[in-house]
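Engineer: Here is how the chains run, residue by residue.
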Amino acid sequence: MLDDKLIILIALTYIGLLFAIAYYGDKRADSGRSLINKPVVYTLSIAVYCTAWTFYGSVGRAASTGVGFLPIYLGPTLVALLFWLVLRRIVRIAKTQRITSIADLIASRYGKSQLLGGLVTVIAIIGIMPYISIQLEAIALSFAVLRQYPAINTVDPAETGALWLDTSFYIALLLIVFAILFGTRHIDTTERHEGLVAAIAFESVVKLLAFLAVGLFISYSVYDGLGDIFSRAQELPELRRLLDFSAIPGGFGGWLSLTFISMAAFLFVPRQFQILVVENTDERHLRTASWLFPLYLLIINLFVLPIALGGLLAFKDQAIDADTFVLALPMLQQQPALALLVFIGGLSAATSMVIAETVALSTMICNDLVMPLLRCAAAVCACMSGLI
Amino acid sequence: MSQQRRRRDWLIMLFVAGLLAFNYPLLGLVNSVALMFGVPVLYFYLFAIWLLLIIGVAAVLWFYRPTAVDETPD
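Chains F and H supply the protein sequences, listed in that same order.
The first sequence finishes on residue 393 if you use my numbering, and the numbering steps up by one all the way, no holes.
The second sequence finishes on residue 90 if you use my numbering, and the numbering steps up by one all the way, no holes.
If you're looking for bench data, these hints aren't it; they were derived computationally from the structure.
All of these numbers come straight from a predicted model, not from anything done at the bench.
What you were told as hints is all true, and nothing was included just to trick you.
Computed beta-carbon distance windows for the label pairs:
id, chain 1, residue 1, chain 2, residue 2, range
1, F, 381, H, 41, 50 to 56 Å
2, F, 258, H, 25, 27 to 33 Å
3, H, 21, F, 323, 58 to 64 Å
4, H, 29, F, 322, 46 to 52 Å
5, H, 44, F, 237, 22 to 28 Å
6, F, 28, H, 25, 44 to 50 Å
7, H, 21, F, 226, 47 to 53 Å
8, F, 323, H, 44, 31 to 37 Å
9, F, 132, H, 41, 29 to 35 Å
10, F, 17, H, 41, 51 to 57 Å
11, F, 130, H, 21, 40 to 46 Å
Ideal Cβ positions, reconstructed from N, Cα and C, are used throughout, including at glycine.
Modelling step: build the complete structure from the supplied sequences, incorporating the hints.
Structural biologist: Here you go:
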């Protein structure tokens, strides 16, 4: 069995490392030697697009729809081809008009409408909150699965019990501290956070390496290469349907609509806008990001279907949730160190999303909801005192 | 200026080519469970096009890299 204390210690050490990187990033920025003013770092920070949903959920989706998980990454790939034409223009507009969030951008297109900015913010809060909670749930779920090692059972996330026994609660507390220290503590009109971006870029490396490690292990150590996994899957009718379009919900129409939704989400989800546009230090970085970011997506997705098929083959007779295959397969092969690495990879995917999203949302809430309301309240007070 | 225009045209062309290649009817042509180099044809096709697009955009942005005067938006 993996000791709870060991898992928690490793997770805390990892989050401590994030604090150190963010602190170092801020220090370097203060001394004028920016850590993030490099195209590779910018590209890695954009990979905050890949959340725990990518890390665990893609395999789960591939296990039921085959290549149906791919439009979520093909959409952003197509957008990346136009970075130099479209995104560069948005970055320029944002810099000249001091736009710090997607709510600002939309409002500015309609004569700086405060009402519209507020509406965008409210819609973003309603839409993003469940998305953030999925990330925290993924952390709790992966912890619950991992601590059972060497047993492999599906865990119901609702069974975590009281609040003080809930791992995601403590992770959320740590992330709140992180977001306050490196996200919202500085009052800066540009809303740039160098340390935070450096930490997010580091997290992108960790999740990519963790996912590649498990993908290579399953494909070439558990099975005899990709050809072996696919030919085994081809022999089973229930897995064979995952190799073509027959398992994709909505068929070609569903595929196309998911591609377009992903294109829009990639550009306009608050955290993406924050990282792509607001945190951009030099528009020339878009040249590298145009090809390097799609390459990142390609590499992180290369082993998704093989892992899903490998999991379905290995757990044929067990009811194991496909979302946990990435973790359950190394556990099945008695590889606790690899399982721990996967856990850290999932943790990095989830924490980077939560940090970037909450900071982006807090900027929107502050600038587009609280400030207009305060101004409105001040105007009412002034009016009242005038009457009295 | 013509370099800028050529770069813009190439990028738009790559985007349209990618959009077409990743959708019906071209995807219908490779919608098969047969294996090619050990991987399903559909899977191979999607990743091959993906890689080609990456190489394409890198080549365009390298070949038509911005010069000092190239400061105006495309």
